[in-house]
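Chemist: In the order they appear, the protein sequences are chains C and F.
Position 352 (the first sequence) corresponds to 352 in the numbering used here; numbering is contiguous.
Position 51 (the second sequence) corresponds to 1051 in the numbering used here; numbering is contiguous.
These are computed hints drawn from the structure, not numbers from a lab.
Note that the Cβ used here is the ideal one computed from N, Cα and C, for glycine as well.
Where hints are given, some of them may not hold.
Stretch-level coverage of chain F by chain C, calculated; a stretch enters the list once three of its residues show a Cβ under 8 angstroms from a Cβ in chain C [to be verified]:
hint : stretch
1    : 1040-1054
2    : 1106-1120
3    : 1190-1204
4    : 1251-1257
5    : 1260-1267
6    : 1345-1354
In silico contact screen, one side only, chain F against chain C (beta carbon under 10 angstroms); selected entries [unchecked claim]:
hint : residue
7    : T1010
8    : V1014
9    : I1067
10   : V1072
11   : P1086
12   : I1088
13   : R1095
14   : Q1145
15   : R1186
16   : L1271
17   : E1296
18   : I1300
Here are the in silico distance ranges between beta carbons for each label pair [unchecked claim]:
hint : chain 1 : residue 1 : chain 2 : residue 2 : range
19   : F       : P1172     : C       : T158      : 56 to 62 angstroms
20   : C       : A179      : F       : D1075     : 58 to 64 angstroms
21   : C       : K307      : F       : R1025     : 53 to 59 angstroms
Below are the chains, spelled out letter by letter.
2 protein chains.
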Amino acid sequence: MTFQSHAPDTPMPVVDLAIVEANLRRMQAYCDQHGLKLRPHIKTHKIPDLARRQLALGAVGITCQKIGEAEVMADAGIDDILISYPLIGASKVGRLGALAKRAHISIVADSPMGIETAAAAARDAGARIGVLVEFESGGARVGVQSPQEALALARLITQTPGLDFLGLMTYPLGERAAAFLVEAKRLFEVEGIAIPSISAGGTPTAFSAHNVPGVTELRVGTYIYNDRNTVDAGAAGLDDCALHIEATVVSRPTENRAIIDAGSKTLSSDLTAGGAARGYGLLRDYPEAVIVKLNEEHGIIDLSACKEKPALGERLRIIPNHVCVVVNLHDEILVHNGGSDAKMVRIAARGLTR
Amino acid sequence: MTFQSHAPDTPMPVVDLAIVEANLRRMQAYCDQHGLKLRPHIKTHKIPDLARRQLALGAVGITCQKIGEAEVMADAGIDDILISYPLIGASKVGRLGALAKRAHISIVADSPMGIETAAAAARDAGARIGVLVEFESGGARVGVQSPQEALALARLITQTPGLDFLGLMTYPLGERAAAFLVEAKRLFEVEGIAIPSISAGGTPTAFSAHNVPGVTELRVGTYIYNDRNTVDAGAAGLDDCALHIEATVVSRPTENRAIIDAGSKTLSSDLTAGGAARGYGLLRDYPEAVIVKLNEEHGIIDLSACKEKPALGERLRIIPNHVCVVVNLHDEILVHNGGSDAKMVRIAARGLTR
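Just chain C, same shape as in the assembly (with noise of 0.2 angstroms):
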């Protein structure tokens, strides 16, 4: 490839945008071929030209999980932004009123506090902001539990000044989400509340998401890049990975031991379902070697395993556990086209955590 001539500095996180391009057009085919909406998350990359790309290809709009991110992506002229995360209390009022302003925002509450924050954003920024309740489908983590508090929230927004009721939605595509959906549709039909939209989530689960009746719209993030997790969870193969890490060996002490200049400030300390005898990352080019252990800047790899053993000074390929954690740590990443026009892009969304 025309950057390895280069020899980029390491560590250095390396994206391929022929890849990136094949991913989303397969995404976007699958939603198209089952009358599914697509709104990517941008989590996983975090750059508003990728999210301008999935927006032309026909993503309907996108996800972001925190206002910081959806600032970033309104100050490129995005205009219809999904917070799928709970924004509770005063301090996020201002901000949230703010964004409203200049884009169509809609959030996700699960709670009445929610549903507050939101209406006082609106009301203080004179603007609309819709709400989608969220409810849990199995991931044991935010959501309501049951339809009936997902019909009492969606009640308490149709009342609420400012406020337009947009649906249901859920994170990850559960095993209870279809029984969920059935007793919810029932429910709401019964108190004549429409439900415009039902949104799940989730690169791993994507592609079954049509099999799920009721759901009409996809955010998912993960599937631009894809990593170890997607590919574990049969969503992509290996070559469907479109970002890695360039790493170098910078020391060789025993036999069996290297170490090389990508630690957990690279990769993360994220491990796969399949725990830590999977390691931190999948090494391209010596598939049986194992990355055991992650300092800050130094990442320990067991080459017990290996017939051939990388030397020192060698660049080795990782592909990360899980992309979106990898791609948050770095400010900036070299893109190519297929081995052409490489440069470095920013990641102007990273870091965002408010």
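Dock chain F against chain C, hints included.
Modeler: What follows is chain F alone, placed relative to chain C:
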């Protein structure tokens, strides 16, 4: 505290400079008492003003892990910088040389290739670079395995134009250090090579460094803030932890589950040596609660063991497991001085992996 009346947006890393000052003075006093030179590692705070405070209190210089960190500190006028990480290959030569032209730079090496890299930088820049040989003392990371190897590298350094042999270093200060040093001193004496400095690192073992004969310098980072790991190691108490994460309960889906807005993007996925059972951080006000799981923006808390349980919207204070990786995740930090003079400070050297 004053800043709490402003209710900062969350999640927010918060540092009490009064605790910082006490931590800095305690370590400097320990080093002064035992005739050890203190060379603090800035990887924990990554803030030039705090490095300058460490120097003002008596530190002989600072330690950085990457060239980018050293560049930020040199920009701030700091003149004596050890880069305690193996620099390998052509991509490191240019920046290392440029740095050596404007500050006193030393590096570590455990291979001839590391020495060659430094030599090329010194030659190209027309500058001198100090080199310490890193040895392994039980940490199973980098470093030469035997005093014989250390001697061979020291000999190479003394024979290489532009380089000065500065001594030996290790991290952490493990069980094999004392025996290694006895044998190394004997070998070096026979060869007639002086060992100007023996540098040891790590906050958990810091206060026993004087028990290892020959150690002349202490490289410690975490002691400035402390964290759950240093408390577990007995090197600090909970009240010596200068940094906490302020988070908000954003969902209370069930009786015994609370979700906070601090996930792995805020706390990192680092566990303590105690493993998953101890969770991803300590809740100061609910010590029986366990942060059982982190998603990127969600911290999932099990409240089963709590008599009192936090309410939706409540602010919680979290002591991180590993404060260095937490600091690296944030662009800025809220500092105050015992509750007064709160202000946001930029973490200038965060994210510098190269």
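Chemist: Hint by hint, say whether it matches the structure.
Modeler: Quick rundown of the hints versus the structure:
Beta-carbon proximity to chain C at under 8 angstroms applies to 1 residues in the stretch 1040-1054 of chain F; the threshold of 3 is not reached and the given coverage is violated. Here's how the stretch 1106-1120 of chain F fares: 4 of its residues keep a CB closer than 8 angstroms to some CB of chain C, so the rule of at least three is met and the hint holds. Taking a C-beta to C-beta cut-off of 8 angstroms, the stretch 1190-1204 of chain F contributes 0 residues in contact with chain C, too few for the three needed, and the coverage statement is violated. With 5 residues having a Cβ less than 8 angstroms from any Cβ of chain C, the stretch 1251-1257 of chain F passes the three-residue criterion, so the hint holds.
Against chain C, the stretch 1260-1267 of chain F contributes 5 residues with a C-beta closer than 8 angstroms to a partner C-beta. That satisfies the three-residue criterion, and the hint holds. Check on the stretch 1345-1354 of chain F: 3 of its residues sit with their Cβ under 8 angstroms from a Cβ of chain C, so the three-residue criterion for coverage holds. Interface hint at T1010 of chain F: satisfied, since its Cβ lies 7 angstroms from the closest Cβ of chain C, which is below the 10 angstroms cut-off. For V1014 of chain F, the interface hint is violated, the least distance from its beta-carbon to any beta-carbon of chain C being 13 angstroms, above 10 angstroms.
For I1067 of chain F, the interface hint holds, the least distance from its beta-carbon to any beta-carbon of chain C being 9 angstroms, beneath 10 angstroms. Hint status for V1072 of chain F: violated, given a least beta-carbon distance of 13 angstroms to chain C, over 10 angstroms. Using the Cβ-Cβ criterion of 10 angstroms, the hint placing P1086 of chain F at the interface with chain C is satisfied: the shortest such distance is roughly 4 angstroms. A distance limit of 10 angstroms between C-beta atoms decides the matter here; for I1088 of chain F the minimum to chain C is near 5 angstroms, and the interface restraint holds.
Because the closest C-beta pair between R1095 of chain F and chain C is about 8 angstroms apart, less than 10 angstroms, the hint holds. For Q1145 of chain F, the shortest C-beta to C-beta distance to chain C is roughly 6 angstroms, which falls under 10 angstroms, so the interface hint holds. Evaluation of the R1186 of chain F hint against chain C yields a violated restraint, the C-beta minimum of about 22 angstroms exceeding 10 angstroms. Evaluation of the L1271 of chain F hint against chain C yields a held restraint, the C-beta minimum of about 8 angstroms falling below 10 angstroms.
Hint on E1296 of chain F holds. Least Cβ distance to chain C is approximately 6 angstroms, under the 10 angstroms limit. Annotation: I1300 of chain F was flagged as interfacial toward chain C, and the flag holds, the nearest CB pair being 6 angstroms apart, inside 10 angstroms. The hinted window of 56 to 62 angstroms between P1172 of chain F and T158 of chain C holds, with their beta carbons roughly 60 angstroms apart. Evaluation of the 58 to 64 angstroms hint for A179 of chain C and D1075 of chain F yields a pass: the beta carbon distance comes to about 60 angstroms.
For K307 of chain C paired with R1025 of chain F, a C-beta distance near 55 angstroms keeps the hint of 53 to 59 angstroms intact.
The earlier numbered hints that this structure contradicts are 1, 3, 8, 10 and 15.
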